[in-house]
Amino acid sequence: MAFDVDFGWTQVIGNLVLGATGADGGTRRISYRLGGGTTLPFLENENTSPAPLIAFEVCDSPVYWSPIIRNYCGDLVNNVGEWAKTADTTYGADIIRLYLTSTRQRNFSDIVSVGKTVETVLSASGLPLIIEGSNEPKIDSEVFQKCGETAQGEKLLLGTAEAGRYRSIAAAVLAYDHSIIAQSPIDINLAKQLNILLREIGVPRDHILIDPYTGALGYGFEYSFSAMERIRFSALKGDTDLAMPMICSATDSLTIKEVREADPAVQDEMAVQWEFTTGIAAAAAGAEIICVRHPRTIPLLREAFAGLKKRTPVPGVA
Amino acid sequence: MALKALDIYKLLPKKNCKECGDPTCLTFAMKLAGGKADVDLCPYLSDEAKSVLGATTRPPIRLVKIGVGERSFAVGEEFVLYRHEKTFYHPPGILFKVYDTQTADEITAATVRVRDETFTRVGSDLRFNGIAIENTSGSAETFALAVKAVEDSADLPLVLIAESQASFAAALVHCGSYRPLLHAATGTNFREMCALAKQHGCPLAIRSDSLEGLVNLAKACNSEGRQNLVMDLAPVTLGDFIIRSTAIRQLAITRTAPDLGYPVYLDAAKTGRQDAATALGIVKYASVIVTNPLTPGPTKAALTLRQNIYTDPQKPIQMNPGLYRVGSPDKNAPVLMTVNFSLTFFTLQGYLESTRVPCFMLIVDTEGLSVLTAVAAGKLSEMLVRDSIKKFGVEEEVSHRKLIIPGYASPLSGRIEEATGWKVMVGPRDAAEIGEYLHEEWK
Chain R
-5 MAFDVDFGWT
5 QVIGNLVLGA
15 TGADGGTRRI
25 SYRLGGGTTL
35 PFLENENTSP
45 APLIAFEVCD
55 SPVYWSPIIR
65 NYCGDLVNNV
75 GEWAKTADTT
85 YGADIIRLYL
95 TSTRQRNFSD
105 IVSVGKTVET
115 VLSASGLPLI
125 IEGSNEPKID
135 SEVFQKCGET
145 AQGEKLLLGT
155 AEAGRYRSIA
165 AAVLAYDHSI
175 IAQSPIDINL
185 AKQLNILLRE
195 IGVPRDHILI
205 DPYTGALGYG
215 FEYSFSAMER
225 IRFSALKGDT
235 DLAMPMICSA
245 TDSLTIKEVR
255 EADPAVQDEM
265 AVQWEFTTGI
275 AAAAAGAEII
285 CVRHPRTIPL
295 LREAFAGLKK
305 RTPVPGVA
Chain C
319 MALKALDIYK
329 LLPKKNCKEC
339 GDPTCLTFAM
349 KLAGGKADVD
359 LCPYLSDEAK
369 SVLGATTRPP
379 IRLVKIGVGE
389 RSFAVGEEFV
399 LYRHEKTFYH
409 PPGILFKVYD
419 TQTADEITAA
429 TVRVRDETFT
439 RVGSDLRFNG
449 IAIENTSGSA
459 ETFALAVKAV
469 EDSADLPLVL
479 IAESQASFAA
489 ALVHCGSYRP
499 LLHAATGTNF
509 REMCALAKQH
519 GCPLAIRSDS
529 LEGLVNLAKA
539 CNSEGRQNLV
549 MDLAPVTLGD
559 FIIRSTAIRQ
569 LAITRTAPDL
579 GYPVYLDAAK
589 TGRQDAATAL
599 GIVKYASVIV
609 TNPLTPGPTK
619 AALTLRQNIY
629 TDPQKPIQMN
639 PGLYRVGSPD
649 KNAPVLMTVN
659 FSLTFFTLQG
669 YLESTRVPCF
679 MLIVDTEGLS
689 VLTAVAAGKL
699 SEMLVRDSIK
709 KFGVEEEVSH
719 RKLIIPGYAS
729 PLSGRIEEAT
739 GWKVMVGPRD
749 AAEIGEYLHE
759 EWK
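First to last, the sequence lines map onto chains R and C.
Residues in the first sequence are numbered consecutively from -5, following this note's numbering.
Residues in the second sequence are numbered consecutively from 319, following this note's numbering.
Please note that a few of the clues may not be correct.
As the list claims (entries may be wrong) - Which bits of chain R does chain C cover? Going by a derived footprint, with three or more residues having C-beta under 8 Å, they are:
hint: 1; region: 124 to 133
hint: 2; region: 210 to 223
hint: 3; region: 246 to 254
hint: 4; region: 274 to 287
Simulated from the structure, these hints should not be mistaken for laboratory data.
Beta carbons are placed, not taken as given, at the ideal position from N, Cα and C, and that holds for glycine.
Model the full structure from these sequences, guided by the hints.
In structure tokens:
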């Protein structure tokens, strides 16, 4: 009797390409093909789908970032180019996720600086990039347009689109051939609805990444875990509007009470474990990009994913 | 194929002897039909009736109890692959592992930690469940001393991990009547292990790295009269564990392989990545998790993950509606209204505590719905707020008439003002911003 994990799935998780190398008209050192899963995460008999990717989150205005990270990373947080480069060469990230937090200042209008920041990060690291644009609908259009244009040809991910707010991002994605992060509030039906809306305005399926929204561990994570499991299940059962790879970013991990108020001697450990435990569980539920903010979370996740992809052959068993 | 309660009743002795713990054979039949009882509880069943009932009425995964007394725990009796299909019922026991080559002080320290350490969150006390003792030395005498050191400090559920019968026998002198889990029966020693388990009434772990091996062992142990089994899938890597445990859960709950219907045992310490293995065991079907003592970060993260995953998705955890105090608020302190979804309550409370502004939290009864869903579903209304202010005597507690409501409830602000006569202030949507809000807006 083999370990039979064929549950009668009929469909494959769709692909999404992140990052373009020189051969594909970009300047990235590496490019990733997400998706391709044929069963529940980590159950493929052969390693047909890659291990989840780890994205390190940086920002261009660290006043909005957790003091835990500002302390740990030191002066780097004031130089987003150097920070991204360090994430690539020292921390060992797969992807850089850039939050344009500078755009959150009141009456922000310096769109030129947005382009410069994106250029800086693109030249500092050869990793594929995710860009999180403004939080302010009034400037969305200009910000995303600028990001998309500056990174034309790089096949990056732009985010984050929500049901009431996706047109500006979709426009930039379509105009410059990037992909889009579609976020819904922990609800499989709303996730599907947003994907349909995006498709209707012309965003192809293989340019959509689902963000089911990740509540922090202890603060609603179980809802996100189940939303991810349901999305993966529906996709494998044949729902093409949900058959996209997923991203997990538990952005509140570093602000919840257990981490924020941890004893200073163990605060880094607490932050890392909160991100790590969330990342492992989300990957087991189906997330393919796991975002973290603490550099020390990266090697732990990397090792765990390697262990998850590794099988010991059992003698006499298929 | 499930039988109906009346069909089952026909096969029962109809003596109403109560020896199964139920008042009548009919109520026992109803429990059997719901998969909530085991046929073995009835001492008067014919072998024929047993074989008919056994396969169809037993829960697909057997309930196994480890330890005795207050800290004992039961695992198994799970019905689904995904928690959203129903819920997961029995959270895994997490046991700290000690080795008999460690000093008595080290062993005692780990034991006392499990005995005393409590982490309270969202109104629940979270704890580790027991101690696993490994006979690393190979010596029966040393093993017995280690077990005695644990027994001298606490009455906790135990796992005894050893190879030799002599070691088990020596250890069971100290803990034989407390239902420790014996680890492990294999293809070569199962007869002796079953005899030991039978003698002391202990649950027994069986170990094999193949499904066939586990099926054969389970059958062999059954024929030796042992039903209270857990299964060690002998994973070497995390990948081994997830694929084996998922396959077993699926085959068991669909009753495709009823002989795999036992809780799963995981020694996280043996995977070389124990924090990851512990987390993975929690989300992917482990019922007994053995790990070296965890440091503070993994401790809180693992206990929180277990609490999250084993929360019933159909029942939001609710707070009792009422007026709660943060610090020692006086007559001028702000009043913040929110819903009785426990997550909302504890998140807001956490941030309010760190602002150090004494205040009142007015918790209204939205049947556990969050602010956003309560507004959308009409469960949060101006009448509810008005009635809650009266019912919980808020007007006697403060001399002002200002109410801070959650940002997501802003559509109701005008109606709440009209219904209550209080001035409504719309707070932030995100509880994380409440400190800043109070400092800027509350004068």
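### Message
Just to make sure I understand the rule, a stretch counts as covered if three or more of its residues have a C-beta closer than 8 Å to a C-beta of the chain. Does the region 124 to 133 of chain R meet that for chain C?
### Response
violated (count 0)
### Message
If you count the residues of the region 246 to 254 of chain R with a beta-carbon closer than 8 Å to a beta-carbon of chain C, do you get 3 or more?
### Response
holds (count 6)
### Query
How does the coverage statement for the region 210 to 223 of chain R fare against chain C, requiring three or more residues with Cβ below 8 Å from a Cβ of that chain?
That given contact holds, which follows from 10 residues of the region 210 to 223 of chain R lying within Cβ reach (below 8 Å) of chain C.
### Query
Do three or more residues of the region 274 to 287 of chain R come closer than 8 Å to chain C, measuring C-beta to C-beta?
Holds: 4 residues of the region 274 to 287 of chain R have a Cβ under 8 Å from chain C.
In this structure, the one hint that does not hold is number 1.
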